[in-house]
Every structure is written in structure tokens, then in C-alpha cells.
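Given the coordinates of chain A, assemble chain B onto it according to the supplied hints.
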Amino acid sequence: MATPVIMPRQGQTVESCIISKWHKKKGDRVKAGDLLLTYETDKASFDEEAKVDGVILDIFFEEGEDVPVLTTICVIGEEGEDVSQFDPRNSGGAGGSTEPEAEKSKAENVSSGDVTAGDDDKAADEKAVVPENIPDGERIKISPRARNLADKIGIDYRYAQPTGPYGRIIERDIELLAEKGPAFTFAAKGESMKPGTEIYAEGTGIGGRIRISDLEKGKEAQSQMAAQVPASQVTVPAGAAGEEPEFTEVKLTNIRKVIAKAMHNSLSTTAQLTLHTTFDATEILEYRNRVKENKDKLGLQNITINDIILFAVSRTLLMHKELNSYFMDDKMLIFNNVHLGVAVDTERGLMVPTIFYANKKSLNEISAEIKKLAEECQKGTINPDMLKGGTFTVTNLGMLDIESFTPVLNPPQSGILGVNTIVQRVKKVGDEYVYYPAMGLSLTFDHRAVDGAPAARFLKDLKTNLENFSLLLAK
Amino acid sequence: MVYDLIVIGGGPAGYLGAERAGHAGLNTLLIEKRALGGVCLNEGCIPSKSLLYSAKMYDNARFSEKYGVFSENVTLDHKKVIERKNKVVKTLVSGVKAQLKRNNVTVVEGIGEIMGRNAEGYEVKVGGEIFTAKNLLIATGSMPILPPIPGVKEGIEKGFVLTNREILDLNEIPKSLVIVGGGVIGLEMASYFNSAGSKVTIIEMLDKIAGNNDREISELLMKAYQKKGIIFNLSSKVVEIKEGQVIYEHNGERLAVEADKVLMSIGRRPVVDGFGLDKIGVEIERGRIKTDERGRTNVPGVYAAGDVNGVSMLAHTAYREAEVCVNNMLGKKDIMRYNAIPYVIYTNPEVAGVGETEESAKQKGMEVEVSTISMRYSGRFLAENEGGDGICKILVDKKYRRLVGLHMIGNYSSEIIYGAAAMIEMELRVDDIKEIVFPHPTVSEIIREGIFQF
Numbered sequence: 001m002a003t004p005v006i007m008p009r010q011g012q013t014v015e016s017c018i019i020s021k022w023h024k025k026k027g028d029r030v031k032a033g034d035l036l037l038t039y040e041t042d043k044a045s046f047d048e049e050a051k052v053d054g055v056i057l058d059i060f061f062e063e064g065e066d067v068p069v070l071t072t073i074c075v076i077g078e079e080g081e082d083v084s085q086f087d088p089r090n091s092g093g094a095g096g097s098t099e100p101e102a103e104k105s106k107a108e109n110v111s112s113g114d115v116t117a118g119d120d121d122k123a124a125d126e127k128a129v130v131p132e133n134i135p136d137g138e139r140i141k142i143s144p145r146a147r148n149l150a151d152k153i154g155i156d157y158r159y160a161q162p163t164g165p166y167g168r169i170i171e172r173d174i175e176l177l178a179e180k181g182p183a184f185t186f187a188a189k190g191e192s193m194k195p196g197t198e199i200y201a202e203g204t205g206i207g208g209r210i211r212i213s214d215l216e217k218g219k220e221a222q223s224q225m226a227a228q229v230p231a232s233q234v235t236v237p238a239g240a241a242g243e244e245p246e247f248t249e250v251k252l253t254n255i256r257k258v259i260a261k262a263m264h265n266s267l268s269t270t271a272q273l274t275l276h277t278t279f280d281a282t283e284i285l286e287y288r289n290r291v292k293e294n295k296d297k298l299g300l301q302n303i304t305i306n307d308i309i310l311f312a313v314s315r316t317l318l319m320h321k322e323l324n325s326y327f328m329d330d331k332m333l334i335f336n337n338v339h340l341g342v343a344v345d346t347e348r349g350l351m352v353p354t355i356f357y358a359n360k361k362s363l364n365e366i367s368a369e370i371k372k373l374a375e376e377c378q379k380g381t382i383n384p385d386m387l388k389g390g391t392f393t394v395t396n397l398g399m400l401d402i403e404s405f406t407p408v409l410n411p412p413q414s415g416i417l418g419v420n421t422i423v424q425r426v427k428k429v430g431d432e433y434v435y436y437p438a439m440g441l442s443l444t445f446d447h448r449a450v451d452g453a454p455a456a457r458f459l460k461d462l463k464t465n466l467e468n469f470s471l472l473l474a475k
Numbered sequence: 001m002v003y004d005l006i007v008i009g010g011g012p013a014g015y016l017g018a019e020r021a022g023h024a025g026l027n028t029l030l031i032e033k034r035a036l037g038g039v040c041l042n043e044g045c046i047p048s049k050s051l052l053y054s055a056k057m058y059d060n061a062r063f064s065e066k067y068g069v070f071s072e073n074v075t076l077d078h079k080k081v082i083e084r085k086n087k088v089v090k091t092l093v094s095g096v097k098a099q100l101k102r103n104n105v106t107v108v109e110g111i112g113e114i115m116g117r118n119a120e121g122y123e124v125k126v127g128g129e130i131f132t133a134k135n136l137l138i139a140t141g142s143m144p145i146l147p148p149i150p151g152v153k154e155g156i157e158k159g160f161v162l163t164n165r166e167i168l169d170l171n172e173i174p175k176s177l178v179i180v181g182g183g184v185i186g187l188e189m190a191s192y193f194n195s196a197g198s199k200v201t202i203i204e205m206l207d208k209i210a211g212n213n214d215r216e217i218s219e220l221l222m223k224a225y226q227k228k229g230i231i232f233n234l235s236s237k238v239v240e241i242k243e244g245q246v247i248y249e250h251n252g253e254r255l256a257v258e259a260d261k262v263l264m265s266i267g268r269r270p271v272v273d274g275f276g277l278d279k280i281g282v283e284i285e286r287g288r289i290k291t292d293e294r295g296r297t298n299v300p301g302v303y304a305a306g307d308v309n310g311v312s313m314l315a316h317t318a319y320r321e322a323e324v325c326v327n328n329m330l331g332k333k334d335i336m337r338y339n340a341i342p343y344v345i346y347t348n349p350e351v352a353g354v355g356e357t358e359e360s361a362k363q364k365g366m367e368v369e370v371s372t373i374s375m376r377y378s379g380r381f382l383a384e385n386e387g388g389d390g391i392c393k394i395l396v397d398k399k400y401r402r403l404v405g406l407h408m409i410g411n412y413s414s415e416i417i418y419g420a421a422a423m424i425e426m427e428l429r430v431d432d433i434k435e436i437v438f439p440h441p442t443v444s445e446i447i448r449e450g451i452f453q454f
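Protein sequence lines, in the order shown, are assigned to chains A and B.
The numbers in our numbering rise by one with no breaks, and the one at position 165 of the first sequence is 165.
The numbers in our numbering rise by one with no breaks, and the one at position 126 of the second sequence is 126.
Chain A with its partners taken away, still in its complex shape (with noise of 0.2 Å):
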């Protein structure tokens, strides 16, 4: 019998994914545990296999393609089945699936007072969910006001530059938009709400609108690049003969699209600074050893430095609640519990996974937690809803011997701990100098929040912990 294939849920918050890579094709027979395909979020990718035995009947939506979660993407069956009760496109076929789930989306979305692109278009098409109606992988935040400006006077959002609060587009983007954005001929507008339409040429229609010609010109260019190197979709701009070119040209991933977004509004739209300052890590690096020496005996975890960090962050951080805390314009959200947020270099660029609740953890279990987490990201398996709701984050780059830096806020959290190498220093004990092991802690605030020397008391608190960490432990 036929069996469908759904675009898994990953997390519930994701409403569509966008299918990266197809690693089989039509007519292909695939054994149950083969790797069928790579989709993937704004922010992570996974892999999806075959769950039966059969040969791929039909696919029904193609690589780059934004499909909504739970709506059939291929079929695997037997040759002769058929297969048109599954396809998605048919009106019915996965609006089964798929209709409950919009609304309920919408339902969320509208109870959390966010709108994301798509869902009026989805719920306004009751015949099926047709992944036409979501314009990209992105979630373009809009404020409802502005939503409702755009559809009245018939433009395309997705042009508007936000200059709302956290990357929103607010009314007067609309209104700019209107007046100096790309304008379409009717034909040429409807083709540029289909997917994948994503480079234009300039208009030359009526108005200087954007017209079919266009958009045609567009996907050519895009074609023609596509064809020059397949594989990579980096193209290398000709230099005179025999010389390296000038510069090679890289699409950005959606993972760096949304790093670009988020850095740029975070310096934008904060008002942030750095404190730097070092403690003495004698006593932790003697305690790391001591675990090392004794973690079999005892089943704990290999803690590192790093674990050690996190833990006198989570407990410190709730005496200084204000830098716990969400900044909000005319308010601010002070959180009771620490949801720390942990930075994590992977291929596909910056990920910050959270560890929920903390200040509730044992030093063990914040060690084991963010070594899973680290690995997923690392994997691309991570869960969407574990890279957000953090409330403070901890960024390391003690290992690539930084001795102090600037970490950019991650609005609208209020501070962001920055971990340092170790330094070798000189103090002086008595009338003796010596050497003791200097760590450097780099912490980011909003000064729209919390003002300097509350920042700084909150720093000199985590140094005495640190360098106390026994009596710590002990609290």
C-alpha cells in the first residue's frame, strides 16, 4: 500500500520548512532508514529517511520549495499505485492534515499578538494548504496595522524594510514602500508570489514596474548562474587569464540570512557596552581536576570550564535580576528563573541553544545538558523551540586564545557574558610576586536597562564566586 511521506513538525513553532535536498528521486526504490531527504528551518536542518520499503511513486514538492509542516511531500509505494489522493496540490488531499493546523497557527499567532507571513492567506484558503501561499523560508514579523495597510492598498510585504522594533515591519515601511517600492504589472505581481521567484532585474514596465519580462530576465540569470557551477551556487567573476579571480560570490544560507538580521539589530537598536574584567581561576581549574580524577567513580559528567562558568552565571545572575531581563521599549520582563542561552559555533554558523531553568540545574546536569545541545546544533538536529526563550546568554572564546572582547547583545536580552582565555598574571601576595591564572570575562549590557555600575557589581559578584566556587557549590 502506499504510504504518505509528511514534512515532519520540528518544534511548535515552525509552520513550513524548506526542503534543501532531495537524496532520492522518482522511481527510485528505497529500503526503510535510507535518507530521503534534508529540509531545514531558519535556523537549523535535519534528515529525514524512508520509514517503509517501496519505490518513491511521486514528489510532490521540489528542493528550495517552502512547504507547510504535516503536508505530504512524497509517496512511497509499489509501482501501479496510485497516488493523486495524496498529492498536496489536489484540492482535499493533504487539506485533511494540513487545514487544522493552519488555523491552529493562526490561533497561536494571533493569542501571542505576532502575525507571520502566510497564515491569513492560508486560513482564507479553505481548499488546501498550498505552499504557493508562504513566500519564503523566512518568518517576516508584521504588525498587524501594517498587514492590514498592505492588503488594503494591494502591495507585497516581503519588499518593506522593517524599521520596526526587532526587525518588525511597522506601518510606515508599508508606506514607503508604496511610494518608492518595486511596483508590478498585475501578471508579473502574481508570478512574484510564486516560490523560488526571488531575483529580479529592474523594471522596465509602465511606472518603471516590474513586468513578466522581468521577472523572466531574473530566473534566466539565475539559471544561467546555476548552470556555470551546479553544486555550489558560487559563482567566480572572470579575472584576466591565468589570475586568481577577484572575489568569489556566495548566496547566503537562511542560517546566515537571520545571524546578518539579528547582529545588525541588535547594534541598531540597543544601547550596548562592554565590561571586562579577569578573576583568579586557581580554584576552578583545581576543581575541574578533581572531577576529572574522580568523575568515574562518581558518574559525573567531564565538567569544564566552561560548565563551571555556566553554573556560577546561573546562580549569580538571579541577585542581579535586572540583567535577566527582557528589554521592551516601554517596558521590561524580569525573569525569576535563568534560561541561559549558550553560544555554539557550528558549520552552519552561530547557534545559541538554551538551557531552561538553569539556576534549577546541578553543575552535572548543565554540563550534560549543553554537551546534547551542542551536539545537535553541531548535527543540525537541534529542535527549533530549544534556540530561543533564553533570557541571558554565555558566549566562549577562551579556547581561540581571546583575551577580551565585545559580544553582541541578543535583543531583547539585556546582557551577554563573554568567557576569555587564561592568561598567565603577576599579584602580589605579601612581598612575594606570583604567577596565578587569570581568566577574562567580557560582559555586554543595555544601557537602556541596567545602568554601568549595577552591571559591574553583577561582574564582580561572579568573580568572587568563581573564585570561591567551593563555597558556592556549598549554597
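It is worth saying that the hints were derived from the structure and are not from the lab.
As the structure is a prediction and not an experimental result, all values here were calculated from the model.
There's no promise every hint is true.
Stated by the list, open to error - Capping the alpha-carbon separation at 27 Å, the derived lysine-lysine pairs in DSSO-like fashion look like this: (1) K194(A) to K364(B); (2) K217(A) to K223(B); (3) K194(A) to K434(B).
Said to hold, decoys possible - Some chain B residues well away from chain A (every beta-carbon gap over 12 Å; in silico): (4) K175; (5) D207; (6) I247.
Said to hold, decoys possible - Not the full set, but computed from the structure, chain A residues with beta-carbon under 10 Å of chain B: (7) F186; (8) A187; (9) A188; (10) K189; (11) E191; (12) I206; (13) R209.
Glycine is no exception: its CB is placed at the ideal position from the N, C-alpha and C atoms.
Relative to the frame of chain A, chain B by itself:
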């Protein structure tokens, strides 16, 4: 002094370009060798419309019985018709003059000749005087093609063979008129002289009349004119013109048709020689000035618009091309598009169209769906065209479902077609057009009727 712009040629491209430039504050000089308004105003569009309207009045009076109106002793006085035509032309030419003045354009009469370049710009000589400008707009237009057929040259000298220029000033109606070339000019003149009483024969080299027009509509037009007594010899080639006779070949056969007058209207060619384009190195390609989509030639600051670029050879195309040129001179980005340029043949019935025909779509590999409906779907058409018929043909591309072509035959088509051009410019889709309200009862409603066939 150094002008911002010198315009060579005072036809539609030239005078409109000069007006727009002057209006935008450019210090502009216009050079015209014959009469402001060019061929269009003096010996083309406007005078022919004046004649054709007289013919229409005459026909309406003569054939009014079917509408219950009886008239006797209806005559057409050709001299009066020509007098009126001259009055219309004069009024419009002075209108152009006034417009140019209002926009501070300096007009110089004479033949402009480009002399070369100096540090300040381009030098153009008119009479003995040299003018200099930073930009040039070449708008020298076109002239009738006179083929090297034996007897043509002599016929022109004797006044037996005419072009569009001479035929509009004939003092009397020739008993028989042979028109060589069944394009727009030939058909319109055939229409007038047929109504006015000439025995008209059209000799056309192609297997259809009206050039690239929709084939079905060409055939309908031909049938309507055959009914009125015009003789069509298609797929026929004129080989010799003798006094009172035109010799042509058809299927290898040599035939002759008698003619009091012969109109040569086989086409027009751009005027690119004899005024110094070579001195500044303007590129000429197949007898026309080569321009890009912004009206620029290969020489910086030198633009060309109108018939001289050989693209479309219609006055309204020239208007728009001139505007594109001036906008680009002013640093405003503007691009010339040719996909939505309407055409009209002012025959009775009128023919008008815009965009792709079935044939042109096929050549481009564009898949289209076609709806063809009778003009009799329009209430007003039926009320005003006793016994008449026409069609409206609508082409929609299959891929995007947008309007790509619309062609019609039937009176008022000329005034309706711009609406279809606007729809094509905006790439309106079938479903978009369905939401447009048309005034009732009008002939324009035929578009709405046709669209709902999809």
C-alpha cells in the same frame, strides 16, 4: 551660445521632443526644413483623416435609407474637401508653432547639417549659421520608398505617379487609381478615392493586405472593400509603369491595369543621408539609425526618435520615443517598450489592434488562447451599423493568463484600442479585466464580452 539640445526635424518626434525638453527647462533649438508637424501633420495622418471623414459623411448620406433617412442630390466636391483639409492642417501647424513658443523652443527654418564636434558640443549648420548643442535629437523621419521599377521616375516627374504627398493635393478625382502597396496608406487612400468615385485597384505583393495585421481581420476588411468595388490583386508584383497603365506579374502571368493616376505606397525608409551623421560617426544599420532602448545612438549625447530609427514608423510611437530620449537626457531613467503600441487603419470600417497577433505569438513561441467574437454582441454597434459586422479578437497567453493582443474591425475601434494598450502595459490578467466596468451601451463593451469567453 550653446544650446542644451538641437532637434533636427519638426515632425511628431521632433516637435514633441522639443516641447518636452523646453518644458523641462532645456535650452532647445528645433530645425525644420519644410513645415512644422512633419509628414504626419502635413501629408499623412491628419490630412488623410480629414479626407476620410468627408468620404464617410458622403457615404452616410448616400446610404442613409437603411436608417430611414432619405437624401437626394448628394455630391462630393473634392476641391472643397481639399480646402477644408488645408484649413485643418493650417490650424494644427500653427498650434504646434504656438506650443513650441510656449515652451521656449527656438525654431529655425532650413536644412540642418551636422558639421562635427567641438569642445562644447555638436555643431549644426543651418543656412550660413552654426549652432552648437550638448545634445542632439535626430528626428529626420522617413520618405516614401520609390522602387527602381521602369517608369516610376518618369511618372513622378510627369505627375502621373504620386506619393502620399502629392495625392493629398490632387485637384480632381482621377477616373481610375492604381495603388501599389496595400498597407495602411494605400488602404486609406483607396477608401477615400473609392467613395469619391474613382475606380480603385490595389496591387499588393503579399498574399494579404494591411501588412502584419491579423490575417482574419485583413480578409474581412478586404471583403468589405471588394463589396464597395475596390479591386485587389494580391501576390502580384508591379514590373513596369507606362503612361496610363500599370504592368504587374501574377503567377508568372504578365497583366496590365489602366490607370489615370498611380499611388506608390509600398513603404517608407528612414532619412539618414545628406546631413552629416557620418561626421560624428553615428551608426547606421540597414538604413536606419541604431538606437538602444533609451533612444541613444552609439555617440554620447546623440539620440534618435521617430521613423528614422526604423522600428515602428508611427507618429504615436515617435511621440513616446522622443519623450524617452528627453527623459534620459534629463537623467530620468525611461525605457521604450514596443509591446503595447496600438495601430489604427482609418478605413470604413475602422481597424485597430495592439500587441501580439496569432502569427507573431507563434513566431515568438508564445502559447496563446484566442477568443473571437462578433461586434454584433455590442448593442450600440448593432444600432449604428445596419447590416454591418466586425470582429474583436482577444489573445491571452496561456502561461500567465494576461492579455497580450487585441485586434478589432468595426467603427470606433480607433478610439477604443488605447484601453487595450493600457491593459497590456499593466499586464492585466483575464480575471483582472473581468472586474473593469465598461460604459453601456458602447462598442468598447465588446472587450468585456470577449474577455468573458475565457
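**Message:** Less than 10 Å between beta-carbons is the criterion; does E191(A) satisfy it with respect to chain B?
**Reply:** Check passed: Cβ of E191(A) comes within 6 Å of chain B, closer than 10 Å.
**Prompt:** Minimum Cβ separation between K175(B) and chain A greater than 12 Å?
**Reply:** holds, 50 Å
**Request:** Double-check A188(A) for me: the hint is only fine if its C-beta lies closer than 10 Å to a C-beta in chain B.
**Result:** holds, 6 Å
**Asked** Between K194(A) and K364(B), does the CA-CA distance stay at or below 27 Å?
**Response** holds, 24 Å
**Item:** Distance restraint between K194(A) and K434(B), which requires alpha-carbon spacing of 27 Å or less
**Value:** Holds - the C-alpha atoms of K434(B) and K194(A) are around 23 Å apart, at most 27 Å.
**Request:** Against chain B, run the beta carbon of K189(A) and see if the smallest gap drops under 10 Å.
**Result:** holds, 9 Å
**Minimum Cβ distance from I247(B) to chain A greater than 12 Å, as the annotation requires** = holds, 47 Å
**Asked** Taking the closest Cβ pair, is F186(A) under 10 Å from chain B?
**Response** Holds, because the Cβ-Cβ distance from F186(A) to chain B comes to roughly 5 Å (cut-off 10 Å).
**Message:** So, as I understand it, the hint says I206(A) touches chain B; can you test that by seeing if any CB pair is closer than 10 Å?
**Reply:** holds, 4 Å
**Message:** Please check whether A187(A) passes as an interface residue: C-beta within 10 Å of a C-beta belonging to chain B.
**Reply:** holds, 4 Å
**Asked** Would D207(B) pass as off the interface with chain A, using Cβ distances and a cut of 12 Å?
**Response** holds, 32 Å
**Prompt:** Does the CB of R209(A) sit less than 10 Å away from some CB of chain B?
**Reply:** holds, 8 Å
Figure legend: structure checked against the earlier numbered hints; the only hint not met is number 2.
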